[in-house]
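Chain by chain, the residues run as shown.
2 protein chains.
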Amino acid sequence: MEITGSIKRVREQVREWRKAGLTVGLVPTMGYLHEGHKSLIDKAVEQNDKVVVSVFVNPMQFGPTEDLESYPRDMDRDAALCEKAGASLIFHPEPEEMYDDNFSSFVDMNTLTGGLCGKTRPIHFRGVCTVVAKLFNIVTPDRAYFGQKDAQQLAVIRHMVNDLSFGIEIVGCPIIREEDGLAKSSRNTYLSEDERKAALVLSRSLKEGRKLVDAGEKDAAKVKKTITDIIEKEALAKIDYVEVVDWNTLEPVEKIDGPVLTAIAVYIGKTRLIDNFIVE
Amino acid sequence: MEITGSIKRVREQVREWRKAGLTVGLVPTMGYLHEGHKSLIDKAVEQNDKVVVSVFVNPMQFGPTEDLESYPRDMDRDAALCEKAGASLIFHPEPEEMYDDNFSSFVDMNTLTGGLCGKTRPIHFRGVCTVVAKLFNIVTPDRAYFGQKDAQQLAVIRHMVNDLSFGIEIVGCPIIREEDGLAKSSRNTYLSEDERKAALVLSRSLKEGRKLVDAGEKDAAKVKKTITDIIEKEALAKIDYVEVVDWNTLEPVEKIDGPVLTAIAVYIGKTRLIDNFIVE
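First to last, the protein sequences are chains A and B. The first sequence maps to residues 1 to 280 in my numbering. The second sequence maps to residues 1 to 280 in my numbering.
Note: identical chains are not told apart, hence a pair may lie in one copy or across any two.
With a cut-off of at most 20 Å between alpha-carbon atoms, the simulated EDC-like pairs for lysine to aspartate or glutamate come out as follows:
id : residue 1 : residue 2
1  : K218      : E251
2  : K19       : D142
3  : K8        : E169
4  : K8        : D142
5  : K19       : D49
Rather than coming from a laboratory, the hints here were simulated on the basis of the structure.
Could you build the full structure based on these sequences and the hints that come with them?
This is how it looks when you write it as structure tokens:
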């Protein structure tokens, strides 16, 4: 399995694969790969002849006060995981390879990005759309894989692909959890022992919310209150948002009667974690 | 030569061509084709196995007070010209095929688009970048052809392609002029007989400006003054801008010592015309 930081080299390799009639899957990541990423790579290996994993901590999607510098990195471990999972190529560019000195273009949208994580992270999705569009243009995959853990990101990317007519199938993959329920995230590594325990409040509260919905509750406010009440009992937790939104438009709903995303963002100490469930 | 309004059909056709190992050129136009467009199609036919001409008057690049409704259209004549020039496919979508009700994504940039035509047409280049990105994703050409008449557009598209890593070669083609010097433009059709004569002031003034530069003049202000003085003598003409800018950054220059674009926009009656020359 090759690792390259060169856009030119990725293009060459993909061109070669195309000539041989092979299909290509792309798994865009920021590295520090865990079982969640592995499930995306597994799916990509299953559905495509060749799989490219990009490992790039994209400066453009981090706000000035966010964790760009401290974001965990471990390329050796990532490479081992990718190789074992059957990936064909890791694209691991330096920021300068992706953004030259005169870089000034961006992809953005007027809907979907303002609510949920967009409220506390106003430039985040613009950075995500821009880097993903760029990765799509470099790798030109048949399919690209995104985790449902970042549900808003998945909806935003699907919308971008439709609007800008990228000829790429977006495959969303289920959230992978630790045995005790915590959604896998590279950011879990920030948690102290006490915080790690407290972080369980995310999945626990969502489980109760889901129970309500499964039992037929249609009132979004009641579902939100159940979740909120549970989180507020946890001393180390501070709610960023608890929302029930339309799964396509990401607009808040009052009544649950279509596909709905229930999404939360909670600070555990200084670490901001997200989790969600979708009822289709 | 096929004419289709369907994105899906274009993708199918291009996929077929790709399977056969053929190269594809794209000539994006707003229709009402003239010799300028024909020169782009000719070049594309020369350099590629198959050529797609898109004919789409893109609502997104017109301001609310601009000429979207009155922009001239003649699909039958366009089709005849394309067929004769050797194009393989015309993509002629309805606005609804390009922009569905939930459309909200866009491509834009923070440099290059604010000056020159961007001053009077603040949303223009955002519309251009978005539709061109979309056309690139639909047609996935090897090369795309743009006229130097729209010099700022050419620079903007080149910048977008570099920034967002489109794997597409942008081919710029020289301005095609009427025998008397007027740059060919679909908008020339708006001109009355008197205005048509007055419109010559654009090419005439640029010719004098170019003479100065060719004779070694380095002071951009002097070149601008020569051009401005000539245009101001024409009663039917009203200057929008006369600018000398760096051909890569489109930033105004004081001293001419690298590749420079001298560009003008002039209202002749109500019709806004543009013209330019580039010294590489």
